[in-house]
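Peer 1: The lines below spell out each chain.
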Amino acid sequence: MTNEEIKDLVLEIIEDIDDEADFDSLDPDQPLRDQLDLDSMDFLDIVMELRKRHQLQIPEEDYPNLATLNSCVMYLEPLLKDA
Amino acid sequence: MTVPVLVIGGGLSGIAAAIRIARFSLNVQILEQHSRLGGLNSYFYRNKVLYETGLHAITNYAETGDKQAPLNRLLRQLKLKRKELSLCQQYKSKIDFHGHESLFFSNQPELFDAEIQAKFPHIHDKFIQLKKFIDLFDPFTLSPFRSAKQYLSELFGDPLFVDMLMCPLMFYGSSYENDMDLNQFAIMFRAIYMEGMFRPKGTIKDFLDTLISHYEAMGGITRTNCRVKKIIHSGNRVTGVELASGEIIECSYLLSTIGSDETRALMNPPGQITPPADKRLGFIETIYELQEASTSTLPEDTTIIFYNTTKTFQYRSPSDYLDPSSGVICFPGSFSGLPPKKNREIRSTHLADFSRWKKLSADPAAYLEKKRQAAVESRNVLETIVGNFTKDIVFENTFTPVTIERYTSKHKGAIYGNPVKIKDGNIGYHNLFIAGTDQGFLGIVGSMLSGVSIVNQQILPKI
Ligand SMILES: Cc1cc2nc3c(=O)[nH]c(=O)nc-3n(C[C@H](O)[C@H](O)[C@H](O)COP(=O)(O)OP(=O)(O)OC[C@H]3O[C@@H](n4cnc5c(N)ncnc54)[C@H](O)[C@@H]3O)c2cc1C
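Same order as they appear, the protein sequences are chains A and B. Sequential numbering of the first sequence, starting at 1, is according to the numbering used here. Sequential numbering of the second sequence, starting at 1001, is according to the numbering used here.
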């Protein structure tokens, strides 16, 4: 997957979790949680969706890597290289 | 075949937990002893009329868009669309300490505030302080029992006000006699006084059907008439369950929603329930249906009345079959936007003593007669509060703690379960966790959040 595709994937997953999520003013370097009013329960869903869609097993200690949209891309890029 | 996750119990906590697992395409099965799901929150038919069993009002009302509100978080977690549910809000409810004082509250917290300012002006500033405290308080961190009664008594120095404040919160969410854990108090305070109460426009059957079809559409499996007889384990690792039929199902994770002691009783060797953990609170409830052209002058704009008629409110197991001196009176038709019903309904709930009812149940005729008498005793008090309605009754049905024990296998028929809660769901096994009533989040929204949060904490990250 390209970086753009990974971005789209993450946003699509978030939209699936919360259909009211507003991406218009999203800053890719700021925490997703604060900007989208997500909580730790929603966050777990991002991890679980990645697993469901791409069989990715993300260990708990790696969750902080998913904090911002850009950090998601950095972290997921090697894992989704062949996806 | 090994099922990744088995859920014992198809009450609301079990259904919510199973939806979480099914949502991520993981195989999951609900094992329910009855022919129908719902547990305490179910329904039955008499003369082709549907009666709901475990619903007065649902707590934690929230408007659409308030993302952090427990109700909306729950729906998001279950992938249920808020827009698809029609929620009817309460009119207003009342704490009626008959002959002493009364306080109204509704889904607008300003009403409660104004009532307190008018009737307890000397402590109104303390009430504002309490709201600030609760606003900043995190009731979800694991902490030892802290007495809410002591905290409130020191803050207010007014026993009547403290009793009145605690009365609805105890009736709707305390398994503990005459006190509450401060955490539980804060959860219930927000749920009832800050957020408020509602019910779905449809029946509890419609609500359950929505949940179950949602679950099954995700691939979840429901098995009814499947009582779990034993939990198979070696040491603290569970490998499966044995059903009453003798069938064995293997699993990687087991989630039990039937209670902590009730779960331990299925182990080898079975756990024993010893005092003081066997101290349980029982309830008796009567449903009345009144004839269409009722001449009774019942309150029209009140949804629920939490009342007490004695000097000090006692929330404890009574030393008689029931304690009608306090209780809850609910008018299930009094929610805004509900389709009109032909007959008006009233429900009354009181504390009741399990052991007396249990003993009596050995003699079915005497048990039935006592149920009838208990309803009369209850009505005698109710009518001093809401006016007479006995002459208009066309149907009545009473259940006791023995009924609850029979239908849900809850120890001593205690709706709110064990007074000691297991907040992280961990009862000492590697891959067995508990959720629901004995985890500690009570009520309809509470039990569902309990199922969701234990799956999130203990199962999804590991599986
Ligand atoms: C009369 C009444 C009024 C209520 N009013 C309200 C209200 O107005 N608002 C509110 O929010 N809450 C109310 N509640 C409380 C609410 O219904 C409960 O807190 C909630 O439904 C508990 O759900 P649960 O899943 O934890 O437990 P349960 O509903 O008890 O579910 C446990 C399930 O496990 C099954 N089971 C037990 N043993 C086994 C076994 N060995 N094998 C297989 N299955 C087994 C049982 O049959 C049951 O279905 C009320 C309850 C009652 C009884």
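Warning: the hint list may mix true and false statements.
Each pair of labels, with its calculated beta carbon distance range [stated by the list, open to error]:
id : chain 1 : residue 1 : chain 2 : residue 2 : range
1  : A       : 34        : B       : 1279      : 55 to 63 angstroms
2  : B       : 1276      : A       : 83        : 54 to 62 angstroms
3  : B       : 1140      : A       : 54        : 43 to 51 angstroms
Okay, derived cross-link-like pairs now, BS3-like style, lysine-lysine, Cα gap no bigger than 30 angstroms in a straight line [claimed, not checked]:
id : chain 1 : residue 1 : chain 2 : residue 2
4  : B       : 1359      : B       : 1083
5  : A       : 7         : B       : 1391
6  : B       : 1358      : B       : 1132
7  : B       : 1311      : A       : 52
8  : B       : 1229      : A       : 7
9  : B       : 1359      : B       : 1201
10 : B       : 1358      : B       : 1279
11 : B       : 1067      : B       : 1423
12 : B       : 1423      : A       : 7
13 : B       : 1229      : B       : 1067
14 : B       : 1048      : A       : 52
15 : B       : 1311      : B       : 1342
16 : B       : 1083      : B       : 1126
17 : B       : 1094      : B       : 1229
18 : B       : 1048      : B       : 1067
19 : B       : 1229      : B       : 1462
20 : B       : 1229      : B       : 1358
21 : A       : 81        : B       : 1094
22 : B       : 1341      : B       : 1081
23 : B       : 1094      : B       : 1342
24 : A       : 7         : B       : 1081
25 : B       : 1094      : B       : 1079
26 : B       : 1079      : B       : 1311
27 : B       : 1094      : B       : 1462
28 : A       : 52        : B       : 1067
29 : B       : 1079      : A       : 52
30 : B       : 1229      : B       : 1083
31 : A       : 52        : B       : 1132
32 : B       : 1119      : B       : 1067
33 : B       : 1279      : A       : 52
34 : B       : 1342      : B       : 1131
35 : B       : 1391      : B       : 1094
36 : B       : 1205      : B       : 1342
37 : B       : 1358      : B       : 1342
38 : B       : 1083      : A       : 7
39 : B       : 1149      : B       : 1311
FYI, nobody ran anything at the bench for these hints, they're computed from the structure. Keep in mind that this is a model prediction, so the values were computed, not measured. Don't be surprised by glycine CBs; every beta carbon is placed ideally from N, CA and C.
Peer 1: Each hint needs a verdict: does it hold in this structure or not?
Peer 2: Against the structure, the hints come out as follows:
1. 34(A) with 1279(B): 55 to 63 angstroms: 45 angstroms, violated
2. 1276(B) with 83(A): 54 to 62 angstroms: Since residue 1276(B) and residue 83(A) have Cβ atoms about 56 angstroms apart, the given range 54 to 62 angstroms holds.
3. 1140(B) with 54(A): 43 to 51 angstroms: 32 angstroms Cβ-Cβ, so the 43 to 51 angstroms window is violated.
4. 1359(B) with 1083(B): 48 angstroms, violated
5. 7(A) with 1391(B): Given pair residue 7(A), residue 1391(B) is violated - Cα atoms ~68 angstroms apart, limit 30 angstroms.
6. 1358(B) with 1132(B): 45 angstroms, violated
7. 1311(B) with 52(A): At roughly 59 angstroms apart (the allowed maximum being 30 angstroms), residue 52(A) and residue 1311(B) break the hint.
8. 1229(B) with 7(A): 49 angstroms, violated
9. 1359(B) with 1201(B): 40 angstroms, violated
10. 1358(B) with 1279(B): 15 angstroms, holds
11. 1067(B) with 1423(B): 24 angstroms, holds
12. 1423(B) with 7(A): Distance ~37 angstroms between residue 1423(B) and residue 7(A) Cα, so the pair is violated.
13. 1229(B) with 1067(B): Violated, at roughly 41 angstroms.
14. 1048(B) with 52(A): Given pair residue 1048(B), residue 52(A) is violated - Cα atoms ~44 angstroms apart, limit 30 angstroms.
15. 1311(B) with 1342(B): 38 angstroms, violated
16. 1083(B) with 1126(B): 38 angstroms, violated
17. 1094(B) with 1229(B): Outside the cut-off at roughly 44 angstroms; violated.
18. 1048(B) with 1067(B): Violated: residue 1048(B) and residue 1067(B) sit about 40 angstroms apart, past 30 angstroms.
19. 1229(B) with 1462(B): Within the cut-off at roughly 27 angstroms; holds.
20. 1229(B) with 1358(B): The given pair, whose Cα atoms are some 23 angstroms apart, holds under the 30 angstroms limit.
21. 81(A) with 1094(B): 61 angstroms, violated
22. 1341(B) with 1081(B): Holds. Residue 1341(B) to residue 1081(B) sits at ~27 angstroms (cutoff 30 angstroms).
23. 1094(B) with 1342(B): 25 angstroms, holds
24. 7(A) with 1081(B): 25 angstroms, holds
25. 1094(B) with 1079(B): 34 angstroms, violated
26. 1079(B) with 1311(B): 47 angstroms, violated
27. 1094(B) with 1462(B): Measuring from Cα to Cα gives roughly 46 angstroms; hence the hint is violated.
28. 52(A) with 1067(B): It holds: about 24 angstroms lies between the C-alpha atoms, which stays within 30 angstroms.
29. 1079(B) with 52(A): 15 angstroms, holds
30. 1229(B) with 1083(B): Violated: residue 1229(B) and residue 1083(B) sit about 41 angstroms apart, past 30 angstroms.
31. 52(A) with 1132(B): Violated, because 42 angstroms separates the two Cα atoms, which is more than 30 angstroms.
32. 1119(B) with 1067(B): Violated: residue 1119(B) and residue 1067(B) sit about 34 angstroms apart, past 30 angstroms.
33. 1279(B) with 52(A): Judged against 30 angstroms, a Cα distance of about 44 angstroms means the pair is violated.
34. 1342(B) with 1131(B): At roughly 41 angstroms apart (the allowed maximum being 30 angstroms), residue 1131(B) and residue 1342(B) break the hint.
35. 1391(B) with 1094(B): Judged against 30 angstroms, a Cα distance of about 25 angstroms means the pair holds.
36. 1205(B) with 1342(B): Roughly 19 angstroms between the alpha carbons, so the hint for residue 1205(B) and residue 1342(B) holds.
37. 1358(B) with 1342(B): 36 angstroms, violated
38. 1083(B) with 7(A): 28 angstroms, holds
39. 1149(B) with 1311(B): 17 angstroms, holds
Of the numbered hints given earlier, the model fails hints 1, 3, 4, 5, 6, 7, 8, 9, 12, 13, 14, 15, 16, 17, 18, 21, 25, 26, 27, 30, 31, 32, 33, 34, 37; all others are met.
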